[in-house]
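Take the given structure of chain A and dock chains B and C to it, following the hints.
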Amino acid sequence: MRRFFSKHWYAWAMVAPVVVVLAVLILYPLGRGIYLSFTNTTEANQLSEICTKSITGTQSCEPNPDAAHFVGLDNYLHVLGGQVGEFWPWLAITLIWTVACVVFHYGLGLGLAVLLHRPMRLRNVYRVLLILPWAVPSFVSAFAWRFMFNEQFGLFNGVLKGLGLSPVAWFDNQWTALLTAVVTNVWLGVPFMMVSLLGGLQTIPSELYEAATIDGATPWQRFTNVTLPGLRPVSMTVVLLGTIWTFNMFSVIYLVTGGQPAGQTEILVTGAYRAAFEGIRNYALSATYGVLILSILLVFSVFYRRLLRRQGEVW
Amino acid sequence: MRIRTAGVVAALALSLFAAACGSDPAAPAQTDPKDLKAELTWWDTSDPKNEGPAFQELIAKFNQTYPNVKINYQSVPFGDAQNKFKTAAAAKAGAPDILRAEVAWVPEFASLGYLYALDGSDLTADAGDYIATPLSADKYNGKTYGVPQVTDSLALMYNKKIFADAGISGAPKTWADVKAAAATIKSKTGKDGLFINAGGYFLLPFIYGEGGDLVDPASKKILVNSSADVDGIKIAQDLVNSGAAVKPPANDSYGTMMTLFKEQKVAMIINGPWEVNNIKTAPTFGGLDNLGVAAVPAGSKKAGAPVGGHNYVIWSGVPQEKTAAAIAFVKFMNSATSQAFIADKLGLLPTRKSAYDIASVKSNAIVSAFKPVVDAAVARPWIPEGGQFFGPLDAMATEVLVQGKDPKASLDAVANKYKTEVVPSYSAS
Amino acid sequence: MTAPVLAAPPATTPVSASTAPPAVRRRSRAASVALHATLVLACVVALFPIVWVVLSSFKPGVWVNSSDLSLVKEPTLANYRYVLTQTRFPTWMLNSVVVAAATTVIGVILAATTGYALSRFNFPGRRSLLLVFLVTQMFPVAVLIVPIYVIMARLGLINTLASLVLAYLTIAVPFCAWMLKGFFDTVPTSLDEAAGMDGCGPFTTFWRVILPLARPGIAVTAFFNFLTAWGEVAYASAFIQTSNRFTLAYGMQQFVPRYNPQWEYLTASAVLVTIPAAVVFFFAQRHLVSGLTAGATKG
Chain A
1 MRRFFSKHWY AWAMVAPVVV VLAVLILYPL GRGIYLSFTN TTEANQLSEI CTKSITGTQS
61 CEPNPDAAHF VGLDNYLHVL GGQVGEFWPW LAITLIWTVA CVVFHYGLGL GLAVLLHRPM
121 RLRNVYRVLL ILPWAVPSFV SAFAWRFMFN EQFGLFNGVL KGLGLSPVAW FDNQWTALLT
181 AVVTNVWLGV PFMMVSLLGG LQTIPSELYE AATIDGATPW QRFTNVTLPG LRPVSMTVVL
241 LGTIWTFNMF SVIYLVTGGQ PAGQTEILVT GAYRAAFEGI RNYALSATYG VLILSILLVF
301 SVFYRRLLRR QGEVW
Chain B
1001 MRIRTAGVVA ALALSLFAAA CGSDPAAPAQ TDPKDLKAEL TWWDTSDPKN EGPAFQELIA
1061 KFNQTYPNVK INYQSVPFGD AQNKFKTAAA AKAGAPDILR AEVAWVPEFA SLGYLYALDG
1121 SDLTADAGDY IATPLSADKY NGKTYGVPQV TDSLALMYNK KIFADAGISG APKTWADVKA
1181 AAATIKSKTG KDGLFINAGG YFLLPFIYGE GGDLVDPASK KILVNSSADV DGIKIAQDLV
1241 NSGAAVKPPA NDSYGTMMTL FKEQKVAMII NGPWEVNNIK TAPTFGGLDN LGVAAVPAGS
1301 KKAGAPVGGH NYVIWSGVPQ EKTAAAIAFV KFMNSATSQA FIADKLGLLP TRKSAYDIAS
1361 VKSNAIVSAF KPVVDAAVAR PWIPEGGQFF GPLDAMATEV LVQGKDPKAS LDAVANKYKT
1421 EVVPSYSAS
Chain C
2001 MTAPVLAAPP ATTPVSASTA PPAVRRRSRA ASVALHATLV LACVVALFPI VWVVLSSFKP
2061 GVWVNSSDLS LVKEPTLANY RYVLTQTRFP TWMLNSVVVA AATTVIGVIL AATTGYALSR
2121 FNFPGRRSLL LVFLVTQMFP VAVLIVPIYV IMARLGLINT LASLVLAYLT IAVPFCAWML
2181 KGFFDTVPTS LDEAAGMDGC GPFTTFWRVI LPLARPGIAV TAFFNFLTAW GEVAYASAFI
2241 QTSNRFTLAY GMQQFVPRYN PQWEYLTASA VLVTIPAAVV FFFAQRHLVS GLTAGATKG
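If you're matching them up, the sequences are chains A, B and C in order.
Position one of the first sequence corresponds to residue 1 (my numbering), numbered consecutively onward.
Position one of the second sequence corresponds to residue 1001 (my numbering), numbered consecutively onward.
Position one of the third sequence corresponds to residue 2001 (my numbering), numbered consecutively onward.
So that you can see chain A by itself, here it is in the shape it has in the complex:
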């Protein structure tokens, strides 16, 4: 037993601070959230008695008529059954949003990385300029893009009007509104993808390219047979991370569209936020959403890992 401890104590010592902080600040609320989702706790009924204090010094307390209690799976049934909130529309929008963003993030990131991987003049200048969007605080960018899409005063409609075309009411239609958010998020996320994939490109040995060229491969064949497989480790990781981050990307949707028009661009996290914070806070309901979001992402990760393992990646 002592050998067991002496073998591992320094490992545990190294990870201890992180484990403690995460346990207190994330795992405990997470666990409590899971418990809450099986009750009907709201702000109003979480206390067993409501006390009214009078400023003259007296206080009258009475027991809470409908104190929070265990409701089993009711919250989940109501949410998934569509009686409370709009889970399925939000999920659909979230999936479309995530797929669109990740596809463009990866595609543009890869394209730019491939272009930057060639010898040329000003290569470093281009690289710095292209990653600059990453340095701007994301909520500033969100506000800037929202204003640029403003129907009356925005830059884009101004340019359209200047070209003689009619201005677009970006936020009036569900799909153009979602487009504004996707454009913003892609702008924000491409630098990270580009940098990661550029690094991945740099780990592919040039001998492989030379060998392919000698074998008479066209540039496209070189790309599909050398570049893409060589990038697979990096790609798998950034696509997984990108998916999780985009799925939960609260600030872009909240700040750029605000769920407009009429809540038709809400994604699951913004919908959960509104359930949690607008009006009498429904802690149980927002915890329910949180658990559902977590479950969806966990299931996705499990399938993703299986897919990777089948393709021979050890992950």
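Any given hint could be a false lead.
[Claimed, not checked] With a straight-line cut-off of 30 Å between C-alpha atoms, the simulated DSSO-like cross-links for lysine-lysine are:
id, chain 1, residue 1, chain 2, residue 2
1, B, 1265, A, 161
2, B, 1301, B, 1353
3, B, 1265, B, 1405
4, A, 161, B, 1405
5, A, 161, B, 1186
6, B, 1188, A, 161
7, C, 2073, B, 1247
8, B, 1049, B, 1265
9, B, 1070, B, 1322
10, B, 1186, B, 1160
11, B, 1247, A, 161
12, B, 1179, A, 161
13, B, 1173, B, 1247
14, B, 1265, C, 2073
15, B, 1161, C, 2073
16, B, 1161, B, 1179
17, A, 161, B, 1161
18, B, 1280, C, 2073
19, C, 2073, B, 1191
20, B, 1161, B, 1362
21, B, 1280, B, 1188
Hints are computed from structural coordinates only; laboratory data are not their basis.
Chains B and C in isolation, oriented as in the chain A frame:
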């Protein structure tokens, strides 16, 4: 004026004396304001640039009488304050001592036990001086939880110059008049007639105009999709479809409304006195002389606009020793003189009847213009869920005005949301 | 970008592989023009919002929020003057610097030690810890705000900068530890063994031998932690109650309330806020490419 001020100060001192000598266990036995020592935090939700400075001037005046009560003034954004206060009050840490609470927040906070009931204290001693409707917003379950600071309502604000150019003499009295006036304005000046903000609150005049309402708390019925409400919303939609009103954008509709009005591109808007200072300082508008204020146009039944406003409330977590200072602070800030000062600087409407007798208030053009509007304002249901009505209503406004959907269908969806999420114990109409 | 000198690393993906791009025949003139044109276009797309923000910051408020779309109109420093003198911007800047510095330093130390432990030691709980790191990124922050506020209140940390540092660590450290683990995986264990034979304990090995080799990964971690702390709004708006403790992000939020946003002050403060971030960024960007790669390669 000076006599009245002295009278008010004397009344203040007298009431403090009376409170000190009364059987009130909370107030410390002292009569000299200089002896009152405390440090209080006040969260002010007013606009930090347009309105905040005036309130800070009032605090300076307060400190002339109470030099040992330190006021920690915090300007908290209106959109955040409700949530911040609830989070802090629930955790019993970080909440302010005094809060400027919007009318819809007071019943909610009171029902959660976050506010002191003020009955029996100095603050409710002169309750008769308050105008009835604003004070009614502070009452919950028979107790009073705040005192009203300012009251407001929606009015028809118009550009006098555009009206003159179009040859329109007086403000339109009904929605039909508005439609006609908009057509005249368009043909004679090329400017747009009306801008309706795509928000639930701003559509209430249309609903009230047909005699409708959102809910009836007395009979516990949901009325938002009744025929009167549907008729009202149809009028609003018609104004947009016919071109009399600018089609609002789905996002930043309010900001667009104010910018267009300040740039004199639209002749009429429906808004409240909180924007007066903003319009006054806009270089493109032409000053307050160009601003016309009239009652909201009437529907087929009446002209009705919702009552709004802000109140002073005291957090129930304030320790007993500090409550005397808190009461003194609120009493000073909400005295008739203070209210007159705010009316003078910002054009916000006082809530005390005695304030309207003060000369500076009587001669204030904006206040005089808004007073009849506020007198005729329709009280809202002061229930804890009151603030939650507007989320679904905002979505309805966007669907109807911006996307042109059928009002009855949209209102039915709102009623359904009310039944399932906001007031489940009410019955559908 | 000098790669660490390694002795024959057969199994791991070589970080020291030739970082030069594959040799290509001399590009034709047309292809060269096309290449540069595409990149210039990409740069324009990347930069024009930033340029727009900068230009707007020099316009008087009346013209920023108006239908007038000129690039420059009545240029003025009034917005900057207002932000720097009439608001508590300098205080916010100081608070943000403190929070960002603390988050970066502590975050780098925690992520590095944890990543190293995960990479080198096969201890019980290793697999679960990796899973926990992934899972903590999946739970939406919005739902966590209220419970974390209550915990902070119990710890007496409300309205302190320490609460923000703690919260930001929970956001940044899991990802960075995960990434650094992958990075350390590419550093061969032969170095550890050599150090062990020289008499170094595990901590010394880590601190003296391995960590200096991880500079690119550390740079990325530092950059990531800094950006998280610099631009975060949700926790800042929840935990901070008095204006003398505001961070930059929360202070700036006040310029854009739901109604009547003051774009002129937001853009001016945005420029002032991005400059330090860009400075940190220029120092870190040399390492960003290699740092992210090696970490991502092994996941």
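Structure-based check of all given hints:
Proximity of residue 1265 of chain B to residue 161 of chain A is assessed by CA-CA distance (about 18 Å); at most 30 Å being required, the pair is judged to hold. For the proposed pair residue 1301 of chain B and residue 1353 of chain B, the alpha carbon gap of about 29 Å is at most 30 Å, so the pair holds. Restraint check: the Cα-Cα separation between residue 1265 of chain B and residue 1405 of chain B comes to about 27 Å, which is no more than 30 Å; the hinted pair holds. Distance hint between residue 161 of chain A and residue 1405 of chain B is fulfilled; the C-alpha atoms sit about 27 Å from each other, no more than 30 Å.
Proximity of residue 161 of chain A to residue 1186 of chain B is assessed by CA-CA distance (about 22 Å); at most 30 Å being required, the pair is judged to hold. Proposed proximity of residue 1188 of chain B and residue 161 of chain A is supported: the alpha carbons are some 25 Å apart, at most 30 Å. As the CA atoms of residue 2073 of chain C and residue 1247 of chain B are separated by approximately 29 Å, the hinted pair is consistent with the 30 Å bound. Restraint check for residue 1049 of chain B and residue 1265 of chain B: satisfied, since their Cα atoms lie roughly 25 Å apart, inside the 30 Å limit.
A C-alpha spacing of about 12 Å is found between residue 1070 of chain B and residue 1322 of chain B, which places the hinted pair at or below 30 Å, so the restraint holds. For the suggested pair residue 1186 of chain B and residue 1160 of chain B, the alpha carbons sit about 15 Å apart, so the restraint of at most 30 Å is met. At roughly 18 Å between alpha-carbon atoms, residue 1247 of chain B and residue 161 of chain A fall within 30 Å of each other, so this suggested pair holds. Of the supplied pair hints, the one linking residue 1179 of chain B and residue 161 of chain A holds, its CA atoms being roughly 28 Å apart against a limit of 30 Å.
For the proposed pair residue 1173 of chain B and residue 1247 of chain B, the alpha carbon gap of about 22 Å is at most 30 Å, so the pair holds. The suggested pairing of residue 1265 of chain B with residue 2073 of chain C holds, with an alpha-carbon distance near 20 Å, which does not exceed 30 Å. Of the pairs offered as hints, the one joining residue 1161 of chain B and residue 2073 of chain C holds, with about 27 Å between alpha carbons and a cut-off of 30 Å not exceeded. For the hint linking residue 1161 of chain B to residue 1179 of chain B, the alpha-carbon distance of about 18 Å falls within 30 Å, and the restraint holds.
Among the hinted pairs, residue 161 of chain A with residue 1161 of chain B is consistent with the structure: their alpha-carbon atoms are about 29 Å apart, no more than 30 Å. Restraint check for residue 1280 of chain B and residue 2073 of chain C: satisfied, since their Cα atoms lie roughly 22 Å apart, inside the 30 Å limit. Distance check on the hinted pair: residue 2073 of chain C and residue 1191 of chain B sit about 25 Å apart at the alpha-carbon level, within 30 Å; holds. Of the supplied pair hints, the one linking residue 1161 of chain B and residue 1362 of chain B holds, its CA atoms being roughly 25 Å apart against a limit of 30 Å.
Proposed proximity of residue 1280 of chain B and residue 1188 of chain B is supported: the alpha carbons are some 26 Å apart, at most 30 Å.
Of the numbered hints stated above, none is contradicted by the structure.
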